[in-house]
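Residue numbers (this note's numbering): 42 to 344.
Please keep in mind that the hints were generated in silico from the structure rather than gathered at the bench.
Treat the hints loosely; a few may be bogus.
[What the hints assert, rightly or not] Distance ranges between label pairs, derived from CB positions:
| # | residue 1 | residue 2 | range |
| --- | --- | --- | --- |
| 1 | Ala238 | Trp103 | 29 to 39 Å |
| 2 | Leu248 | Ala172 | 31 to 41 Å |
| 3 | Gln157 | Trp69 | 38 to 48 Å |
| 4 | Leu108 | Ala72 | 25 to 35 Å |
Ideal Cβ placement from N, Cα and C applies to all residues, glycine included.
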Amino acid sequence: MEANLRWILLTALAPLAWGANYYVTRAWLPADQPLWGAALRALPAGLVLLALARRRPHGAWWWRSALLGLLNTAIFFVLLYLASQQLPTSVAATVMAASPLAMLLTAWALAGQHPQRAHLAGAVVGLGGVALMLLGSGGAVSGTGLAASAAAMLVSSVGYVLAARWREGADPLAATSWQLTAGGLLLLPVAAAAEGAPPAMDATVLLAFGYVTLVATALAFALWFAGLRHLPAGTVGLLGLLNPLAGVLLGTAVAGEDLGPRQGAGLVLVLAGVLLGRPRTPARPDPAEPGLASATAPLRTGH
Numbered sequence: 042m043e044a045n046l047r048w049i050l051l052t053a054l055a056p057l058a059w060g061a062n063y064y065v066t067r068a069w070l071p072a073d074q075p076l077w078g079a080a081l082r083a084l085p086a087g088l089v090l091l092a093l094a095r096r097r098p099h100g101a102w103w104w105r106s107a108l109l110g111l112l113n114t115a116i117f118f119v120l121l122y123l124a125s126q127q128l129p130t131s132v133a134a135t136v137m138a139a140s141p142l143a144m145l146l147t148a149w150a151l152a153g154q155h156p157q158r159a160h161l162a163g164a165v166v167g168l169g170g171v172a173l174m175l176l177g178s179g180g181a182v183s184g185t186g187l188a189a190s191a192a193a194m195l196v197s198s199v200g201y202v203l204a205a206r207w208r209e210g211a212d213p214l215a216a217t218s219w220q221l222t223a224g225g226l227l228l229l230p231v232a233a234a235a236e237g238a239p240p241a242m243d244a245t246v247l248l249a250f251g252y253v254t255l256v257a258t259a260l261a262f263a264l265w266f267a268g269l270r271h272l273p274a275g276t277v278g279l280l281g282l283l284n285p286l287a288g289v290l291l292g293t294a295v296a297g298e299d300l301g302p303r304q305g306a307g308l309v310l311v312l313a314g315v316l317l318g319r320p321r322t323p324a325r326p327d328p329a330e331p332g333l334a335s336a337t338a339p340l341r342t343g344h
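Based on the sequences and whatever the hints tell you, model everything.
In structure tokens form, the structure reads like this:
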């Protein structure tokens, strides 16, 4: 019991770190350099996890890592960065919390994975909660931010479908490190060509990038995978709900964003929808940040 409690506490740090990432990105990282922001998050974290995994890609995993790195790291991290910058932290966290529901519908449309009635009900409830959250935001919500969030969920969902077909031959932590590294390497020349020099690094920005890269990416994934090895799948899936909760609490308590009755009800509906949409199979969930499809079928809560 004591060992389980320790692993629960350690694993819970991962979704808490992902939830805080929305606030850190919005508050302290440069708003006009999303390509560099994504590259500086992905590549160092990928190299750290690669050192931990001690495995290189092999065979088909060379091109699979490149493709999944493009979808689930390069494109996804850029879109997530834009959404975090354009939307209030509480709104961004709640919208991205619906990622598992979007993946459920995408798997149905593209891969013929027919959801159960409870899963469909969860999708309807969760998406209704997102709509209620937006209606209760008390002001105009950035269309660019919402478009970035929707695109991020779509890209991540396609990555989920691909990763679900490519489960064999790769440890999840190693596959994640390959995708992060590949995505970061793909972003570097694009960021240099489109945005010029990397962002200026004063102490605040350097600390913020250190948090996003080392804590919210490298450390969070390492802890999450460790939790997957030591805890039941259902427990890990429930811990993932701390992600949007952390984002909403930081947005309201630190950033001073309003959380009215409609927004609160919307958040509750999103969390209820995700719970209804959770897989009923004994397979363990995969971590990947709204975003990183790994070698096993994921249950992602957005990061």
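Status of the hints after comparison with the structure:
1. Between Ala238 and Trp103 the C-beta distance comes to about 31 Å, which sits within the given range of 29 to 39 Å.
2. One distance hint, 31 to 41 Å for the beta-carbon pair Leu248 and Ala172, holds here, with the actual separation near 36 Å.
3. Checked against the hint of 38 to 48 Å, the C-beta distance between Gln157 and Trp69 comes to roughly 42 Å, which is consistent with it.
4. Checked against the hint of 25 to 35 Å, the pair Leu108 and Ala72 passes, with Cβ atoms roughly 29 Å apart.
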